[in-house]
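4 protein chains.
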Amino acid sequence: MKTDYQQILEELYHVIKVKPDAGQVAPYIPELAEIDPSKFGVHLAATSGEQSGIGDHREKFSIQSIGKVLSLTLAFQQRGEVLWDRVGVEPSGNPFNSLWQLEYEKGKPRNPLINSGAIVICDMLCTLYDDPLTELLAFVRKISGNEEISCNKQVAASEKKLGFRNAALINLMKSCHNIDNEIDEVMDLYYHMCSIEMSCEELANTFLLYANHGKLVTTGEPVITSSMAKRINAIMQTCGFYDEAGEYTFKVGLPGKSGIGGGIVAIHPGSYAVAVWSPRLNAKGNSVKGMQLLETLTSKTGLSIF
Amino acid sequence: MKTDYQQILEELYHVIKVKPDAGQVAPYIPELAEIDPSKFGVHLAATSGEQSGIGDHREKFSIQSIGKVLSLTLAFQQRGEVLWDRVGVEPSGNPFNSLWQLEYEKGKPRNPLINSGAIVICDMLCTLYDDPLTELLAFVRKISGNEEISCNKQVAASEKKLGFRNAALINLMKSCHNIDNEIDEVMDLYYHMCSIEMSCEELANTFLLYANHGKLVTTGEPVITSSMAKRINAIMQTCGFYDEAGEYTFKVGLPGKSGIGGGIVAIHPGSYAVAVWSPRLNAKGNSVKGMQLLETLTSKTGLSIF
Amino acid sequence: MKTDYQQILEELYHVIKVKPDAGQVAPYIPELAEIDPSKFGVHLAATSGEQSGIGDHREKFSIQSIGKVLSLTLAFQQRGEVLWDRVGVEPSGNPFNSLWQLEYEKGKPRNPLINSGAIVICDMLCTLYDDPLTELLAFVRKISGNEEISCNKQVAASEKKLGFRNAALINLMKSCHNIDNEIDEVMDLYYHMCSIEMSCEELANTFLLYANHGKLVTTGEPVITSSMAKRINAIMQTCGFYDEAGEYTFKVGLPGKSGIGGGIVAIHPGSYAVAVWSPRLNAKGNSVKGMQLLETLTSKTGLSIF
Amino acid sequence: MKTDYQQILEELYHVIKVKPDAGQVAPYIPELAEIDPSKFGVHLAATSGEQSGIGDHREKFSIQSIGKVLSLTLAFQQRGEVLWDRVGVEPSGNPFNSLWQLEYEKGKPRNPLINSGAIVICDMLCTLYDDPLTELLAFVRKISGNEEISCNKQVAASEKKLGFRNAALINLMKSCHNIDNEIDEVMDLYYHMCSIEMSCEELANTFLLYANHGKLVTTGEPVITSSMAKRINAIMQTCGFYDEAGEYTFKVGLPGKSGIGGGIVAIHPGSYAVAVWSPRLNAKGNSVKGMQLLETLTSKTGLSIF
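Line order of the protein sequences matches chains A, B, C and D.
Residue numbers are given in my numbering: position 266 of the first sequence equals residue 322, and the series is strictly consecutive.
Residue numbers are given in my numbering: position 71 of the second sequence equals residue 127, and the series is strictly consecutive.
Residue numbers are given in my numbering: position 159 of the third sequence equals residue 215, and the series is strictly consecutive.
Residue numbers are given in my numbering: position 186 of the fourth sequence equals residue 242, and the series is strictly consecutive.
A couple of the hints might just be wrong.
Quick list of simulated restraints, FRET-style, between CB atoms [what the hints assert, rightly or not]:
hint, chain 1, residue 1, chain 2, residue 2, range
1, A, H233, C, L272, 54 to 62 Å
2, D, D141, B, Y185, 50 to 58 Å
3, A, H233, D, P86, 12 to 20 Å
4, C, G326, D, Q63, 18 to 26 Å
Because the hints were derived from the structure by calculation, they are not lab data.
All C-beta atoms in this analysis are idealised placements derived from N, C-alpha and C, irrespective of residue type, glycine included.
Construct all of the structure, not just a fragment, from the sequences and the given hints.
Printed below as a string of structure tokens:
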């Protein structure tokens, strides 16, 4: 029998699918620029176990910055509150990719979901593990309950080759003594993390952790404490959407994270996680149809927090 | 019969009242510096009509920046979405009172809850009305259901006399053509708005509007649309606590606004508005015991959004 | 008998006068915007006593920022080296009227020839004298040897009325405790100083002081020490031309100061002072034909320092 | 027979040598940190052919940033005025190593004597030549008339390994499309240029070119035009001393360039070039005794331009 969520997703999917195309596919690297811009899928996983999805919801895509939440979760689990000595929890409020703010604040990034902050998190993982990528993937596979999840080495290599601004960020932080490991090693982990590929279905089920107060829905096993989950959710709410956090908070009203691969994931604590994918991005780097779908979903279900 | 809220507030009040004193009373002007730092009160008004309060919850204090939400509401009601042409909706992410950001962004403030943004809102009210202060007070009295609410002219005069940084902000915006009226007139309104005095009880009942989707609880009359209320709530969530928005969102998890008079108001959409008052402030300018009380309240009631 | 300087000036004057008009008259206030843009004059006063001039060299104009050198000289004479505690001696290197730099450097202006620095100098004069404008005019009259020199009260009033950015600067400095007197009083002096009117002939003879190591050429009386004259000359060299100091140093190679009234004065230590006036300004705010004339003069006379 | 310059240098040398030691040897890399801080030498080469020197004036040291003038000269000779499309001529006025200014100005450095500007110059040389280091050394040997001049590969390697801030600068410029070649290749040239070793005698004779309007004193051969020499001198005057350009211009009053190896070179157009070496640096990175000696020299000889 069809659930309500399935019905709602189907309705929204069909309405938004035929809306005029707006925005551009991320042009930075060939591998992303060549994605079919008409891809569109959405999947919702409820804490009750219910699964709903439609469109390209089972096709994998590059999760990009969404991966920052996963690496943060592993580092937070391992390091605890001391993690915040090296990265803040406040929005950056900055229109550009903010070298100056990082310079002004002496190499301590504003939060772990901007590039500089996620790089510091990767540096911590490099300190924690001999093979941090293997550990990160194992962690992601565990919380997703899916042993197939992997990264795309070609995407990682391509992004690393052209990532001059990120190289500027990490070198600045290194000069401020906020990077402990070799730059090359840290950036290698960073770009592999960004190149993880998941489908909407996989993403939604992975992020169910944050909707379930840090416990796996399948087994009840606590991966992080409920306080840690609350903290990560709060950061997603205020910092998950680049320079569009305020607008997103108004329109969607749920903690979430976007990636330039066109994916967005959002969670409703206690209820569900939802992932949507459409590669065309607005000027702020967020998926246009993804935003529309989430906005309508929360209005329709009355589940916005405001 | 005592309600649950009353019981919860009483418990929290007594626990937090005896905690060691931390923080400083705002030192900027004599009128505020002389406030008894041991004042402490809290009041919760539910959309159901229930009223709960304890301590100094019926004593008036200077609401200061909390007034920015009220002037924004009046201007938004009158001007609608066109208001956002002159002021943004994103957090400022800025550690200092941010002249440079305003200069970089050519005189358009980041959001209406920082000083520069609230000044632009006052400028709009000066354009709308011959006697904007009278209109603003009438508006506040209406939504509070209390004809006695007024401002403290001595506080307004004292703050205006020493408000050099605010004078720098408005002069910069005037040079960028984002102020239409005489500087003196606009600042006069701004400082009177900041000097409005209310008790926790009055504040909570006034802010019930935002918990009730823009309608007066008493009569059901719509003051603003539910979309407008949602927008204002989202701005309170991401921008209501100066440079501590991220921390506040984590700890309290409700839209709110603080003032340097030691007041904080927060709302739970659909349920209640709560106001707390304790004059000692942390380094970011937010009431120490006020934050503690709200944090425990949302944990206790399980009403945090995360 | 004609001197060499006279011959050179006449040659240059005729060549440059007929060059195509470029640039714009300063548009900020009506009094300056209405100046006949074809005005053009130049005057050179040598330490030997020789006087040479041509064109509108005896017509008065608004010296504007050139006056900053004169107020600095009086304050330096009175206060000595302690003056540099409140204002620096380095170029500002800043493309815009630099509120952010002033904010970053906590209200201490980079040098006394940018607006913020000249305002601090005026504040010092307000502390030194009961009637600082009268004292400043007496000082200027003395070093110019001309009792007729005065300011234009209408220009001063007009500039003050529209000087929002300067008002932002002084309010920011006041909030940083780098302004001791009433803002209104300081700005009053500042705008009257800018509105001083002189002809090229008067300007050149006034600035002969700096070419003569701080002594009056007429009487040999020392007004400032030779070290003070050297310091002021060095500041004119590195900071006298807004954001075009490097270009000017290359082209003209003499210490100097420009004003938005279209005047420029330059000095060759030991030899002469030269003043030129042409109201059309380039994008950096410096007189187009004035720059051309000085550039050719130093090339022709081989007197550039490089 | 002793010349006057020799006598003056000897007098100054003995007076300043015994002054109390102040400042610190540059600590960035072991090779520089281990230099004997008591080293002190000075050499003056006049356009007349006269040579004067004393102390450690024939001992080689790392010229560091002084090399920026030499690479600029070669690039300017080859590329002409079009060079200024990619780097400015104005002082940077910036207290820190200015990533933010570079970001604000979209990757175009303020001038060719700050690190970012010198890196852009190296990038041009990498485009011009297959083996740019060999060409640069050949050029330096030619204008110095000394075939022995070389660089210290160990110093270059050490600085490159720890040059995180410079790596941040070039990556930022690369992301702004102001670097054409491989980052590694450009930085390799940059650090080898900085590691060139010369004695005071060699430096003074090399910089005689700029005192001689771009012609070799020995043969009269023009290496650059006199206009180019004037331009480079003007840039040394306004930008040669980091954030201390204004102070240096006042005290020394000659175009010059300092390096963190403790060397300073200054030129008096038409007369002489003088090089001084003392490894202890002030807080701005300029040699303490070097500054003292040059200041006294220009006062003594009356050769300051002011």
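* Asked: Are there hints from earlier that the structure breaks, and if so, what are their numbers?
  -> none
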